[in-house]
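Asker: Letter by letter, the chains look like this.
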Amino acid sequence: MKKWLFIVVSLLLVISLAACGNSKDTGSNTGSSSAEGGPKGKITFAFWGAQTEADAIKNVVADFQKQYPDVQVENQWIQSDYLTKLQMMIAGGTAPDVILVSGGDLPGFANAFQEVNPDSSKFSSPSLVESMTYQGKTYAVPFIIKPKVMAINIDLFEKHNIALPSKTEPMTMEQFDEIAKKITEGEGKTKIYGSEPLWIGNMLYSFGASHYSPDNTRSTIDSPEAIQAAEYIISTKQAGIVPNDTEKQGQSMMDWYLAGRIGMFTDFGPWYIPQMAEVKNFKWDLVPFPGNGGTKEVDGLAISKTSKNAEAAKLFVDHLTQNQQAQDIIGGNKTAYGVPVLPTATQAFEDIFEGKNLKAFVLASENQHNQEAQKRTNEISKEMKMITDLTPIGIGNQDVKVIFPKVAENINKILQQD
Amino acid sequence: MNGIIEQIYNMFEMMGMPAALLPLLPFLSIIAVLYVIIFAVARILVKKKIVHIRSASFYLFISPWIIGFLLFTIGPMIFSFYISFTNWEVVSDPKWIGTGNYQMLFKDTMFYKSLAVTFYYTLVSVPLQVVLSLAIALLMNLKLKGIYLFRTIYYLPTLVQGVAQMVLFLWIFNPNVGLVNSILGVFGIEGPTWFSSPDWAMPAVIIMSLWTVGGNMIIYLAGLSDVPTSLYEAAEIDGATTARKVWHVTLPQISPILFFNGVTSMIGAFQTFTQGFLNNGGPDNSLLFYAYYLYQNAFMWFKMGYGSALAWVLFIIILLFTVLVFRGSALWVYYETEQYGGKKRHVRKKRA
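Line by line, the protein sequences are chains A and B. Note that this note's numbering gives residue 296 to position 288 of the first sequence, counting from 1, and the numbers run on in steps of one. Note that this note's numbering gives residue 444 to position 190 of the second sequence, counting from 1, and the numbers run on in steps of one.
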């Protein structure tokens with residue numbers, strides 16, 4: 009009996025101590041304005057990316073620090089599982105003050121962000137602020153854009169006497185198909201393909217389709233245009249102008265392009281540019297995405313709702329997104345981190361690679377469709393996986409006309425959850 | 255950061271502690287304070303003769319484990335039980351919805367699918383693992399020259415586990431350049447596409463699960479060397495063949511180990527995660543293991559409440575099956591302490 013009493017007492021102690029730890033925040037307010045007027049104190053800034061991308065961001069942060077020494081920015085470079093870790097930090101009450109977020113992920117986190125009112129006219133396109141907006145409210149300020157363009161192998165074009173495509177106007181899908189067929193030649197391990205396998209997420213837009221209705225409440229993956237896009241992808245596989253699944257299994261299509269085995273690489277984001285510097289064995293250039301397809305990823309800076317130093321956080325966000333020098337630094341980064349959001353800074357991006365048409369990225373950053381975002385994007389992507397599992401777009405053999413409406417129905421169920 | 259921890263943190267920061275130690279110090283100081291209090295209480299209780307000094311020291315010695323268990327196991331479990339009755343999107347506050355999550359389970363086709371996948375895997379792979387590891391252990395128990403080398407060889411694969419194992423097997427089962435299909439090709443068989451095929455993904459994972467039988471083998475080996483040779487000698491005098499010796503002496507003698515390996519393999523199989531995770535649930539959800547579906551809900555789809563409900567259902571399922579196996583074990587597991595064929599379990603010694 010007495011032993012039990014002892015255990016109970018010590019347990020109570022442990023629990024009460026743990027409970028004390030949960031009491032409401034009493035942390036000191038480090039964000040009060042100083043006598044000099046400007047914000048002061050410490051803020052934390054979370055971002056994702058590979059080493060080169062993190063270095064690019066750290067450069068801009070260093071520039072901010074130089075101009076505002078009163079604000080200390082602590083970089084939280086999250087190298088993997090960014091969204092999960094962010095969730096945990098928010099749930100655990102340790103949310104970073106400033107958070108890098110892509111337009112596609114924003115709706116899921118909107119609840120944790122402060123509403124902001126950026127001046128849309130300052131940026132190169134009104135679509136940028138739109139991408140940071142969810143249900144009529146804006147939650148982040150556009151910071152950098154990662155559009156998709158098409159990289160071409162000029163040698164293969166010249167070999168088959170194909171006129172080079174326009175550097176500013178997207179080619180039509182008919183032209184794309186024709187060129188891809190002309191370039192394709194050979195057999196087996198040396199076969200040269202017109203293009204890498206096309207991705208439905210890009211092709212939808214080339215055929216005038218989209219994932220959702222304009223008000224974002226309904227899936228339109230069952231539209232005739234979407235099915236047309238799907239059927240075109242299947243036809244490219246059947247015609248052999250793209251590598252099939254067995255041929256490409258486990259291999260990087262970028263490596264194939266770099267080895268000169270692919271004429272047109274459609275899914276080309278800015279992150280591929282550093283690799284291109286090493287290409288010596290063929291001439292290459294960049295042109296707009298065929299049919300103006302593909303989507304651009306807009307990454308913005310959001311301020312956490314629970315930030316204790318929102319003033320400094322706001323100063324930081326404004327500087328990184330609207331200061332000419334900051335945008336020049338991030339846009340002109342040699343590793344091509346992305347296209348700057350300020351129209352006056354895009355030149356810095358174009359100058360990264362002399363003689364190549366980086367302008368294609370800049371044009372796409374204005375004209376390309378935004379990534380379509382839903383709060384439940386991850387759950388929806390699981391339904392989209394059925395497309396590759398069940399239809400000839402991937403490894404299945406069922407008719408797209410049957411599967412796409414089913415997928416749309418499942419997605420609509422997810423959209424109606426709340 | 256919560257208030258108290260932050261205050262302690264700031265205090266140490268002002269004291270000029272090295273930055274690398276700062277995150278650790280608040281934790282350590284809370285533990286220290288906790289122990290000072292526990293010691294003080296224990297002292298008072300002992301002084302007042304409420305508890306004996308020996309029992310007090312016993313509880314103090316096991317207190318690190320108890321505290322860890324309470325804070326990091328029971329605490330989160332209670333919290334997840336509460337969460338399972340709410341709709342919690344992690345980035346906003348939980349909303350109480352009663353048994354809503356549990357009701358949703360029964361309408362969720364993916365829930366049934368993930369259960370089916372997990373049961374399929376458990377029912378096929380666990381018996382295979384148990385039989386194969388026992389068979390290897392019996393072979394490795396032979397008194398041969400250089401048997402230690404073979405034991406090492408059979409144990410070695412166990413060192414490559416989890417993600418590394420999965421990545422290795424993704425290559426072994428690669429339809430074009432993989433080892434398995436290359437060997438099949440030598441015999442003129444065109445191998446399946448394994449992880450890319452809805453029908454062959456699970457067989458591939460089951461074959462893969464046999465890679466780590468070496469771990470169980472070691473435990474069987476230990477058990478086998480414990481079987482008294484006198485029993486074998488007695489059986490031999492009675493004219494028993496090798497097969498009868500295995501059936502009547504070896505198996506009953508190592509039945510507790512069979513039981514232990516069976517139960518732990520079963521629980522492990524129910525919790526399979528990596529194989530589903532690294533394949534994104536496999537083609538057509540053929541590798542949608544329950545634990546992976548749970549993870550998807552909780553950590554990818556912002557449905558922490560539903561994920562917690564799934565976790566508790568898994569807990570109940572594992573509990574049920576473990577109880578079932580434990581109950582059934584009375585029929586075939588023999589312990590050395592037993593007398594009269596398993597009726598009397600515990601022989602109490604009278605205190606001197």
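Be aware that a few hints might be false.
Derived DSSO-like pairs: lysine-lysine, alpha-carbon spacing no greater than 30 angstroms straight-line [said to hold, decoys possible]:
1. A:K74 x A:K414
2. A:K167 x A:K190
3. B:K399 x B:K499
4. A:K145 x A:K167
5. A:K175 x A:K93
6. A:K367 x A:K167
7. A:K167 x A:K50
8. A:K145 x B:K349
9. A:K316 x B:K399
10. A:K256 x A:K313
11. A:K313 x A:K189
12. A:K93 x B:K399
13. B:K361 x A:K409
14. A:K393 x B:K361
15. B:K499 x A:K93
16. A:K313 x B:K349
17. A:K342 x A:K74
18. A:K421 x B:K367
19. B:K499 x A:K421
20. A:K199 x A:K322
21. A:K342 x A:K313
22. A:K393 x B:K367
23. B:K367 x A:K409
24. A:K421 x A:K130
25. A:K414 x B:K399
26. A:K393 x A:K291
27. A:K245 x A:K291
28. A:K414 x B:K367
29. A:K393 x A:K197
30. A:K316 x A:K74
31. A:K421 x B:K399
32. A:K175 x A:K50
Everything labelled a hint here was simulated from the structure, so no lab data went into it.
Asker: A separate judgement is required for each hint: does it hold in the structure or not?
Answerer: Evaluated hints:
1. Pair hint K74 of chain A plus K414 of chain A does not hold up; C-alpha atoms about 55 angstroms apart against a cutoff of 30 angstroms.
2. At roughly 10 angstroms between alpha-carbon atoms, K167 of chain A and K190 of chain A fall within 30 angstroms of each other, so this suggested pair holds.
3. Restraint check: the Cα-Cα separation between K399 of chain B and K499 of chain B comes to about 23 angstroms, which is no more than 30 angstroms; the hinted pair holds.
4. Note on K145 of chain A and K167 of chain A: the hinted pairing is violated, with a Cα-Cα distance of about 52 angstroms set against a maximum of 30 angstroms.
5. The suggested pairing of K175 of chain A with K93 of chain A is violated, with an alpha-carbon distance near 41 angstroms, which exceeds 30 angstroms.
6. Taking the CA atoms of K367 of chain A and K167 of chain A, the gap is near 25 angstroms; set against the 30 angstroms cutoff, the hint holds.
7. A threshold of 30 angstroms between alpha carbons decides the hint, and for K167 of chain A with K50 of chain A the separation of about 59 angstroms lies outside it, so the pair is violated.
8. Between K145 of chain A and K349 of chain B, the direct Cα distance comes to roughly 23 angstroms. Compliance with the 30 angstroms bound is thereby established for this hinted pair.
9. Taken as a hint, the K316 of chain A and K399 of chain B pair is broken in the structure, with Cα atoms around 71 angstroms apart against an allowance of 30 angstroms.
10. Using a Cα cut-off of 30 angstroms, the hinted pair K256 of chain A and K313 of chain A is violated, with the two alpha carbons roughly 45 angstroms apart.
11. Simply put, K313 of chain A and K189 of chain A have alpha-carbon atoms about 53 angstroms apart, too far for the 30 angstroms limit, and the pair is violated.
12. For a cut-off of 30 angstroms, the pair hint linking K93 of chain A to K399 of chain B is broken: about 54 angstroms separates their Cα positions.
13. Taking the CA atoms of K361 of chain B and K409 of chain A, the gap is about 27 angstroms. The hint holds against a cut of 30 angstroms.
14. For the given pair, K393 of chain A sits about 21 angstroms from K361 of chain B by alpha-carbon distance, which is consistent with the 30 angstroms threshold.
15. For the suggested pair K499 of chain B and K93 of chain A, the alpha carbons sit about 57 angstroms apart, so the restraint of at most 30 angstroms is broken.
16. At most 30 angstroms may separate the alpha-carbon atoms for a hinted pair to count; K313 of chain A and K349 of chain B meet this at roughly 19 angstroms.
17. In summary, the hint linking K342 of chain A to K74 of chain A is supported, as the alpha carbons are separated by about 21 angstroms, within the 30 angstroms threshold.
18. Of the supplied pair hints, the one linking K421 of chain A and K367 of chain B holds, its CA atoms being roughly 18 angstroms apart against a limit of 30 angstroms.
19. For the hint pairing K499 of chain B with K421 of chain A, the CA-to-CA distance comes to about 62 angstroms; that exceeds 30 angstroms, so the pair is violated.
20. A C-alpha spacing of about 54 angstroms is found between K199 of chain A and K322 of chain A, which places the hinted pair above 30 angstroms, so the restraint is violated.
21. Of the supplied pair hints, the one linking K342 of chain A and K313 of chain A is violated, its CA atoms being roughly 34 angstroms apart against a limit of 30 angstroms.
22. With a C-alpha separation of about 16 angstroms, the suggested pairing of K393 of chain A with K367 of chain B holds against the 30 angstroms cut-off.
23. Restraint check: the Cα-Cα separation between K367 of chain B and K409 of chain A comes to about 25 angstroms, which is no more than 30 angstroms; the hinted pair holds.
24. For the hint linking K421 of chain A to K130 of chain A, the alpha-carbon distance of about 38 angstroms lies beyond 30 angstroms, and the restraint is violated.
25. For the suggested pair K414 of chain A and K399 of chain B, the alpha carbons sit about 64 angstroms apart, so the restraint of at most 30 angstroms is broken.
26. Between K393 of chain A and K291 of chain A the alpha-carbon distance is near 36 angstroms, which puts this suggested pair outside the 30 angstroms criterion.
27. Proposed proximity of K245 of chain A and K291 of chain A is supported: the alpha carbons are some 26 angstroms apart, at most 30 angstroms.
28. Taking the CA atoms of K414 of chain A and K367 of chain B, the gap is about 18 angstroms. The hint holds against a cut of 30 angstroms.
29. For the hint linking K393 of chain A to K197 of chain A, the alpha-carbon distance of about 29 angstroms falls within 30 angstroms, and the restraint holds.
30. About 22 angstroms separates the Cα atoms of K316 of chain A and K74 of chain A, which keeps this hinted pair within 30 angstroms; it holds.
31. Between K421 of chain A and K399 of chain B the CA atoms are separated by roughly 66 angstroms; this puts the pair beyond 30 angstroms, and the hint is violated.
32. Annotation: proposed proximity of K175 of chain A to K50 of chain A is violated, straight-line Cα distance about 46 angstroms (limit 30 angstroms).
Hint check: violations occur at hints 1, 4, 5, 7, 9, 10, 11, 12, 15, 19, 20, 21, 24, 25, 26, 31 and 32; the rest are consistent with the structure.
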